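Enquirer: Sequence:
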Amino acid sequence: QVQLVESGGGLVQAGGSLRLSCAASERTFSTYAMGWFRQAPGKEREFVAAISGRRTYYADSVKGRFTISRDNAKNTVYLQMNTLKPEDTAVYYCAAAVTIRDGYDYWGQGTQVTVSS
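For our numbering, add 8 to where a residue sits in the sequence shown, where the first one is 1.
Hint data in this document are derived by calculation from the structure and do not stem from the laboratory. Some clues are possibly wrong.
Below are the BS3-like pairs computed for lysine-lysine, each with C-alpha atoms no more than 27 Å apart in a straight line [what the hints assert, rightly or not]:
# : residue 1 : residue 2
1 : K82       : K71
2 : K71       : K93
3 : K71       : K51
4 : K51       : K82
Pair by pair, the computed Cβ-Cβ distance ranges are [as the list claims (entries may be wrong)]:
# : residue 1 : residue 2 : range
5 : S77       : Q11       : 16 to 22 Å
6 : Y65       : G16       : 19 to 25 Å
7 : G23       : D113      : 20 to 26 Å
In this text, all values refer to a predicted model and were calculated from it rather than measured experimentally. Think of the CB as a built atom: it goes at the ideal place given N, C-alpha and C, for glycine as much as any other residue.
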């Protein structure tokens, strides 16, 4: 069982930046693909970014603004979010997958990101 704990959310003005962190409990963290998702009020949860090995993947809506990275020594994955927009407002979740194509197996509790205009 992998436990994931997100942090770093908050309130920021449009154009600002935030860095989200997700700490994992699992010693074999480096073997998992990691992803970030978000869910805005009244909307479906959507994919934001993922990292698997050295490959990274991004939703079109965040390409060029968000960067996913990981520090396996710290069992942590990050989401650097720059040039934030009000439409980025959502609860952000991190997730772990043995293989992305089989879906994500573990989820964090989420962290709120609010971008004011």
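Enquirer: What are the numbers of the hints the structure violates, in ascending order?
Expert: Hints 4 and 7 are the ones this structure does not satisfy, whereas the remaining hints hold.
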